[in-house]
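Chain by chain, the residues run as shown.
2 protein chains.
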Amino acid sequence: MNPNNNHLVIMAGGVGSRFWPVSTVQRPKQFLDIMGCGKSMLQLTLERFGDIVPIENVWVVTGASFADMVREQLPEVPAENILLEPCGRGTAPCICYVSWKIKMRNPRANVIVTPADHNVKDEETFRLSIRETVNFASETDAIVTLGMKATYPATGYGYIRADLRYPALRQRNIFRVDSFREKPDEETARGYIRQNNYYWNAGIFVWNVSTIVNAFRVYSREISAIFESLVSVYDTPQEQERINEIFPTCPKISVDYAIMEHAEEVFVYPVDFGWSDVGTWGSLHEQLPKDAHGNAVVGNDVHVVESENCIVHTTTCKSVVVQGLDGFIVVEKDGNLLIAKMTEEQRIESFH
Amino acid sequence: MNPNNNHLVIMAGGVGSRFWPVSTVQRPKQFLDIMGCGKSMLQLTLERFGDIVPIENVWVVTGASFADMVREQLPEVPAENILLEPCGRGTAPCICYVSWKIKMRNPRANVIVTPADHNVKDEETFRLSIRETVNFASETDAIVTLGMKATYPATGYGYIRADLRYPALRQRNIFRVDSFREKPDEETARGYIRQNNYYWNAGIFVWNVSTIVNAFRVYSREISAIFESLVSVYDTPQEQERINEIFPTCPKISVDYAIMEHAEEVFVYPVDFGWSDVGTWGSLHEQLPKDAHGNAVVGNDVHVVESENCIVHTTTCKSVVVQGLDGFIVVEKDGNLLIAKMTEEQRIESFH
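Protein sequences appear in the order of chains A and B. Heads up: the first sequence begins at 400 in our numbering, then just goes up one per residue. Heads up: the second sequence begins at 400 in our numbering, then just goes up one per residue.
This is chain A alone, in the form it adopts within the complex (with noise of 0.2 Å):
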């Protein structure tokens, strides 16, 4: 594997609602210091890649109005790899287009792709396994997921189903892909877990982009047309405005529905790392160290005091105490304040 040949593309267009009150659309979740460490989400995203990319082979899809947000926190990303949609469509257009701007620069490109705000423990680990699923792409058609160890029945997540009997040819630890499994309730999540060739599905994928330009042709026809189309304006100052006229007639569709559930060659590569998409307080409360009453605290002079396995998440308040709380969320950014139960997190929306 030739590590030039390596390119990564974070998408960080999502608007995390679900996040509120810090999350906001003019700043969503993966352009906060949401984990309280000094980078946001977006940050620590290319951080964890270490030196598997080039930094001129990284590359970020965002919305327009995100642009100085990304040039802002990654300012040694290249300008001209930072792509903009002028709405959002959904994953399989931003993949498409982007994955035509890779293959011009580099028809023998090996391709990661990530979500911006999801977050990690074991990086080590997780770079290993990056290494691995992209030697085994490189040298093969395979379109490859990561499958999350399933660590309980979550149902915010969707779940790829391995058939564990055929273990790729060139690699024993990647599985082709039996089906791809939506958000379950809870009783079938239970199903699942007590299985064991149930895997979450992060929103990782590894592939050789020509593999990927080919299974769009063949799978997404309408939204390969449009990209295909634009090859004679890529890297032209006619780009942008183009793409703001395309863009909008795009189908919104996930990469999931448009590719993976009909292609022939998906793998997953089952593995165990830590992950969480960091969706909700009480998945971030899982992801960041807490004390021995299992609080979790970000924010200055934070006091927390007869309380337990609580998160309190300030970031403007200049001084908190929190007593006598139990499994609560207190959570605090400019001048919005929500306290509520954490196992009511599926509902804060709601609650104003």
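Do not rely on the hints blindly, as some may be mistaken.
If chains are identical, the list can't say which one is meant, so a pair holds when it fits in one copy or spans any two.
Said to hold, decoys possible - Derived SDA-like pairs (lysine to any residue); straight-line CA-CA distance at most 20 Å:
1) Lys717 x Ser749
2) Lys548 x Asp671
3) Lys582 x Pro669
4) Lys740 x Gly723
5) Lys438 x Glu479
6) Lys740 x Val704
7) Lys438 x Gly693
8) Lys717 x Asp733
9) Lys717 x Glu748
10) Lys717 x Gly698
11) Lys740 x Asn708
12) Lys740 x Asp725
13) Lys717 x His751
14) Lys438 x Pro688
15) Lys717 x Val424
16) Lys717 x Asn735
17) Lys717 x Arg417
18) Lys582 x Thr714
19) Lys520 x Lys689
20) Lys502 x Gly437
21) Lys717 x Phe750
22) Lys740 x His702
23) Lys651 x Glu531
Calculated from the structure, these hints are not laboratory results.
Go by the hints and put chain B onto chain A.
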């Protein structure tokens, strides 16, 4: 009773420390809109007296650093009636000073003394009680205290024990004080409540100015001599300078200790108008209007969901969601946030 003889003294020098994070040394409780009605407790205090006292007879004694706040909040009070203490020496020097000032203006004055940071629910009954008490004090040499009906065994208030056998000659509802009792422990307080002749000492006093000046001469000679010595400088440009020199030399003592506990003609007028010193978040909760679930809310855009018996008091927050709390205090001001069980309100200072 000639209302032009009636004078009101509002003691506004206190520094409420139990109301963190709302009350601060820079702007204590009496200057805050703690009731969430658009008026400070100082403003509510003056308003409560209606037309009992002409505005030119209203006096405010406060700390020098609070002068501007008093002038701003009570612009109708004559500037020369705002007396500034260079330091707090308790209520005895404060009252002796203002009594001499009043005596020089009107030797026949009836004087009502009140703290600036208490609340009264039934203001109509309050005014009736004050009028009756002033009538009595204007015709006698009586020192009269208002005795608040003790509705629960409070340990945060001092008590007045009345001798109910002997009503005052000219007023059937005013009784001789048997003794003053300091803040009791819980068991003692329960004993007080079981009897029917114990009242909370609200620090509201009524007397005529000769009576109190004479009482200081007899029972608190040191303080009396200090303020009598300044008779020639009152209402001259030198007054504040001399006060600044001499005030710190006064013994620090309350009027209860200096006068009440020693004087002969001390009476109590039992009243029941929903009084509270609003000394803690719990007592504020008790005074505020509540929803069907016992929640009291002061603040903008506050949503209280699936919660009971809470007080939510936010000053600078733009929006607040509180879900799933029972019996909690949630308070915010200027980026300082407190969440604590109401039962632990006395320990709040120790939490931060």
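Against the structure, the hints:
Proximity of lysine 717 and serine 749 under a CA criterion of 20 Å is satisfied inter-copy only: 17 Å between copies versus 28 Å inside one chain copy. In this homomeric assembly, lysine 548 and aspartate 671 come within 20 Å of each other (Cα to Cα) only inside a single copy, at 5 Å, whereas the closest approach across copies is 67 Å. Proximity of lysine 582 and proline 669 under a CA criterion of 20 Å is satisfied intra-copy only: 18 Å inside one chain copy versus 68 Å between copies. Both within a single protomer and between protomers do lysine 740 and glycine 723 lie at most 20 Å apart by alpha-carbon distance, with minima of 13 Å and 6 Å respectively.
With identical chains, the CA atoms of lysine 438 and glutamate 479 are never at most 20 Å apart, being 23 Å at best within one copy and 58 Å at best between copies. Proximity of lysine 740 to valine 704 under the C-alpha cut-off of 20 Å is found in both arrangements, the shortest distances being 17 Å within a copy and 11 Å between copies. In this assembly of identical chains, lysine 438 and glycine 693 lie within 20 Å of each other by CA distance neither inside one copy nor across copies; the values are 23 Å within and 42 Å between. For the identical chains of this complex, lysine 717 and aspartate 733 are neighbours both inside a copy (11 Å) and across copies (8 Å), given an alpha-carbon limit of 20 Å.
For the identical chains of this complex, lysine 717 and glutamate 748 are inter-copy neighbours only, at 16 Å across copies versus 25 Å inside a copy, given an alpha-carbon limit of 20 Å. Taking CA atoms no more than 20 Å apart as the test, lysine 717 paired with glycine 698 passes in both settings, with 9 Å inside one copy and 19 Å between copies. Within a single copy, lysine 740 and asparagine 708 get their C-alpha atoms as close as 10 Å, and across copies as close as 17 Å, so both meet the 20 Å cut-off. For a Cα distance limit of 20 Å, the shortest separation of lysine 740 from aspartate 725 qualifies both inside one copy, at 8 Å, and across copies, at 12 Å.
Proximity of lysine 717 to histidine 751 under the C-alpha cut-off of 20 Å is restricted to the inter-copy arrangement: shortest distance 12 Å between copies versus 24 Å within a copy. Taking the shortest alpha-carbon separations for lysine 438 and proline 688, only the intra-copy value of 16 Å comes in at or below 20 Å, while the best inter-copy value is 45 Å. Within a single copy, lysine 717 and valine 424 get their C-alpha atoms only as close as 24 Å, which misses the 20 Å cut-off; across copies the closest is 17 Å, which meets it. Taking the closest pair of Cα atoms, lysine 717 and asparagine 735 come within 20 Å of each other both inside a single copy (14 Å) and across two copies (6 Å).
For the identical chains of this complex, lysine 717 and arginine 417 are inter-copy neighbours only, at 19 Å across copies versus 24 Å inside a copy, given an alpha-carbon limit of 20 Å. Proximity of lysine 582 to threonine 714 under the C-alpha cut-off of 20 Å is found in neither arrangement, the shortest distances being 31 Å within a copy and 41 Å between copies. Taking identical chains as interchangeable, the C-alpha atoms of lysine 520 and lysine 689 lie at most 20 Å apart only when both belong to the same chain, with a minimum of 13 Å there against 46 Å between chains. Taking the shortest Cα distances, lysine 502 and glycine 437 never come within 20 Å of each other, neither inside one copy (35 Å) nor across copies (65 Å).
In this assembly of identical chains, the alpha carbons of lysine 717 and phenylalanine 750 lie at most 20 Å apart only when taken from different copies (15 Å versus 25 Å within one copy). In this homomeric assembly, lysine 740 and histidine 702 come within 20 Å of each other (Cα to Cα) both inside a single copy, at 19 Å, and across copies, at 14 Å. Taking identical chains as interchangeable, the C-alpha atoms of lysine 651 and glutamate 531 are never at most 20 Å apart, the minima being 32 Å within one chain and 79 Å between chains.
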